[in-house]
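Given these sequences and hints, build the entire structure.
Protein chains: 2
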Amino acid sequence: MKKNIIVGQSGGPTVAINASLAGVIRGAMQSSAIGEVYGALNGIEGLLARNIIDLRRSIKTAEDFDRLAATPAMALGSCRYKLPPPPHEKYDEILKIFEDYNIGYFFYIGGNDSMDTVKQLSKICAEKNLDIKCIGVPKTVDNDLPITDHTPGFGSAAKYIAGSIAEIALDSGVYDMFSVIVAEIMGRHAGWLAAASVLARDSVGAAPQLIYLPEVPFDEECFIEKIKEYSKEKKLLIIAVSEGLKNKDGEYISAAGASVDGFGHVALAGVGKYLEELIKDKVGCKVRSIEFSVLQRAAAHFSSGTDIAEAGRIGEEAVRAALSGQTGVMMTFERVSNNPYLVNYGTVAIEKCANLEKTIPPEWIINGCDVSKELVEYMRPLTVGRAPYFEKDGIPEYLFLDKTIVSR
Amino acid sequence: MKKNIIVGQSGGPTVAINASLAGVIRGAMQSSAIGEVYGALNGIEGLLARNIIDLRRSIKTAEDFDRLAATPAMALGSCRYKLPPPPHEKYDEILKIFEDYNIGYFFYIGGNDSMDTVKQLSKICAEKNLDIKCIGVPKTVDNDLPITDHTPGFGSAAKYIAGSIAEIALDSGVYDMFSVIVAEIMGRHAGWLAAASVLARDSVGAAPQLIYLPEVPFDEECFIEKIKEYSKEKKLLIIAVSEGLKNKDGEYISAAGASVDGFGHVALAGVGKYLEELIKDKVGCKVRSIEFSVLQRAAAHFSSGTDIAEAGRIGEEAVRAALSGQTGVMMTFERVSNNPYLVNYGTVAIEKCANLEKTIPPEWIINGCDVSKELVEYMRPLTVGRAPYFEKDGIPEYLFLDKTIVSR
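Line by line, the protein sequences give chains C and Z.
First residue of the first sequence? That's 945 in the numbering used here, and the numbers climb one at a time after it.
First residue of the second sequence? That's 945 in the numbering used here, and the numbers climb one at a time after it.
Wrong hints could be hidden among the right ones.
Lysine-lysine pairs mimicking BS3-like chemistry, simulated, CA-CA at most 30 Å apart [as the list claims (entries may be wrong)]:
#: 1; chain 1: C; residue 1: K1224; chain 2: C; residue 2: K1178
#: 2; chain 1: C; residue 1: K1230; chain 2: C; residue 2: K1170
#: 3; chain 1: C; residue 1: K1176; chain 2: C; residue 2: K1317
#: 4; chain 1: C; residue 1: K1034; chain 2: Z; residue 2: K947
#: 5; chain 1: C; residue 1: K1336; chain 2: Z; residue 2: K1034
#: 6; chain 1: Z; residue 1: K1170; chain 2: C; residue 2: K1347
#: 7; chain 1: Z; residue 1: K1034; chain 2: C; residue 2: K1179
#: 8; chain 1: C; residue 1: K1230; chain 2: Z; residue 2: K1034
#: 9; chain 1: Z; residue 1: K1179; chain 2: C; residue 2: K1179
#: 10; chain 1: Z; residue 1: K1040; chain 2: Z; residue 2: K947
#: 11; chain 1: C; residue 1: K1302; chain 2: C; residue 2: K1317
#: 12; chain 1: Z; residue 1: K1172; chain 2: C; residue 2: K1347
#: 13; chain 1: C; residue 1: K1176; chain 2: Z; residue 2: K1026
#: 14; chain 1: Z; residue 1: K1034; chain 2: Z; residue 2: K1296
#: 15; chain 1: C; residue 1: K1026; chain 2: Z; residue 2: K1230
Hints are computed from structural coordinates only; laboratory data are not their basis.
All of these numbers come straight from a predicted model, not from anything done at the bench.
And the structure:
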């Protein structure tokens, strides 16, 4: 009897996570060894609640794969739930559900925490001699997973950030005067996204002139001195900063600049707003802070063709890996070359990557406020091309899954 | 001897203002009656400084028109300078420059203040019996110019806003819980841009559930009651607000919620941040405010095909109007029908529109927190289609003008 697959999505959204879902579905539908193609709503939490749907109901035509891949965030919904450490009855519940639904393959698309779930489940299946392959498909907008060359979702966010910095440079540069823009970009611990702003220089020349990353302790005095230097040039100065900037004592810059709002709360002002006020105070020039907010991870209309194609392919390769007998692994990209840009798809034992974080190597950071040529060469191929995007009457058109629950 | 043209750009940036510039250049280059095609850098301020360039140097191929049209903000630069009321020596200076450069046609692409400049110059030329045609080409992201059906630049911003609200709805809707997003959208006096968020419903259903406009006094108590109602549904609630929301005394909501920052300044918190804190305080739920900032008027990669095409055409028609002898007029769109969407290009005497503002008609606003079907039908055609966009290695590619100054 054919075994079925089940796939779930977990953690924070990106624009590429449904492309990976589409890839898993495609891989499963291409294989005669696989029966049903199930999806768990809201990750492992929905799995435990038996909120399980039949994905074949929603994906019927070749275009449906593209439409799903062009839909940002998680079509299946997400969760932040982390399984308790084994032994725990939750694992028995999950195995019972796997049995009821005749599951032979479990795919979990997510970041660090999700890889931990895959690790625990694959260990327990091995211990109990159950033939259930558990595979992790990476995604994270932050690009902070170890071993894999990069992660699906990052390239699109990088493209959005670089493109938006370029647009801001033109918009804010129309007047003939000195002014400062502080762009606050996602990244609590790893500065890959803020670093991606460097690609805007290919488009508009100097901007961003300064890039501050959480990997380097932030020095306010030195920062203000640099701005005063730039003020002599009477031009627009764009500064890209990671939201996770910390001072030399490891405290978030945003927290240090806490402001009291009208209700007497201590509001956590973001680092961008804090630096805007700091610059106003110490330099006294025109300054504006811009927070890229969730749009940097959600802007499916501006995603990278390379990223979305790779995210789909890595999902498909995950099915292939499972069918070839692998389990307890995370899928990886292995870069072959930059020019031409080539990657292989591989796997890594999940113990080697769960709960680890990849930050920018120190040698790729220059003077604490810029990045190296090597970083640019690493990043540039990831943003290339545009992905399929659908709209009707000018407004995005998404694929929404049929969420009818399948009981077994 | 052939007369030359000069064109300038003024006011705040949009993504369509270079499309209108491209249209003026195309119109001029198509006419055998026109000699040189000059551009004034930084509007009337640059004109007075004789910072004048030859636009034929930069626009040589058919693709150059598209590349210029795909470049956001002002390729010529902008200014905020408003001519003093006549009589004033500045007008004599301008007329001398027109004489030196053999100018027969002056085109000014801009908003309210720019139309005032066109009005004054055309009056003075008429008084002095000078054969110089002065034509205003409208642009404003806010859609607040009177008489014309809508303004170039607005449709693209509307598309960005609706598309971004749709993306945020998917991004923030992945968890199965009640939470609130407050999206702060441009518009100090007219709420057209915030109202455009309604188009997201075509894409994602209910969002935005609430829309607050500066045309209606904002009632905090009623606002909080509505959110409490929605909280019972345990779903994502998206609220679109104009930055210019005012209370019943006409005071900006942002000012009322002024916060004291870490430096002891009274920082002008935007209305979005203010409402975020208000909701936290009064409802106590998860809430996030997102400010669309300058990206809503600068995101050329996501502009409306209809808007960019119309912006180009209205520039071309401006040249045609000047050649046919018109002066002291602003170009207008006259809508013929919604379905199929058809517009005519017309002109209006500039006195009728300079310094006037068009807000949303009261009958298009529902219960102070929604908009009517008529507004949706008015707005929908303006966002349709995508405009040409160029990129290299994944990053936008713009056309930068050759800014060599031409002395005469």
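Tell me if the straight-line CA distance from K1230 (chain C) to K1170 (chain C) falls inside 30 Å.
With a Cα-Cα distance of about 16 Å, the restraint between K1230 (chain C) and K1170 (chain C) holds, given a limit of 30 Å.
Are the Cα atoms of K1179 (chain Z) and K1179 (chain C) separated by 30 Å or less?
46 Å, violated
- K1026 (chain C) paired with K1230 (chain Z) [C-alpha distance capped at 30 Å]: Within the cut-off at roughly 20 Å; holds.
Next item on the list: Take the C-alpha atoms of K1034 (chain Z) and K1179 (chain C), compute the straight-line distance between them, and say whether it is at most 30 Å.
Entry: Within the cut-off at roughly 27 Å; holds.
message: Just to be careful, I want the Cα atoms of K1034 (chain Z) and K1296 (chain Z) compared with a cutoff of 30 Å; is the pair within it?
response: 24 Å, holds
Exercise. Could you grab the alpha-carbon distance between K1170 (chain Z) and K1347 (chain C) and see if it respects the 30 Å cut-off?
Key: Roughly 29 Å between the alpha carbons, so the hint for K1170 (chain Z) and K1347 (chain C) holds.
Given the proposed pairing of K1034 (chain C) with K947 (chain Z), does the C-alpha separation stay at or below 30 Å? 83 Å, violated
Is the straight-line distance between the alpha-carbon of K1040 (chain Z) and that of K947 (chain Z) 30 Å or less? Holds. K1040 (chain Z) to K947 (chain Z) sits at ~15 Å (cutoff 30 Å).
*asked:* Checking one constraint from the list: CA of K1172 (chain Z) to CA of K1347 (chain C), max 30 Å. Satisfied?
replied: Given pair K1172 (chain Z), K1347 (chain C) holds - Cα atoms ~28 Å apart, limit 30 Å.
| said: Next pair to validate is K1176 (chain C) with K1317 (chain C); report whether the Cα-Cα distance is within 30 Å. | reply: 27 Å, holds
- Item | 30 Å limit on alpha-carbon distance, applied to hinted pair K1176 (chain C) and K1026 (chain Z) | 27 Å, holds
Hinted pair K1336 (chain C) and K1034 (chain Z), Cα distance within 30 Å: 50 Å, violated
The structure is inconsistent with the numbered hints 4, 5, 9, although it conforms to all the rest.
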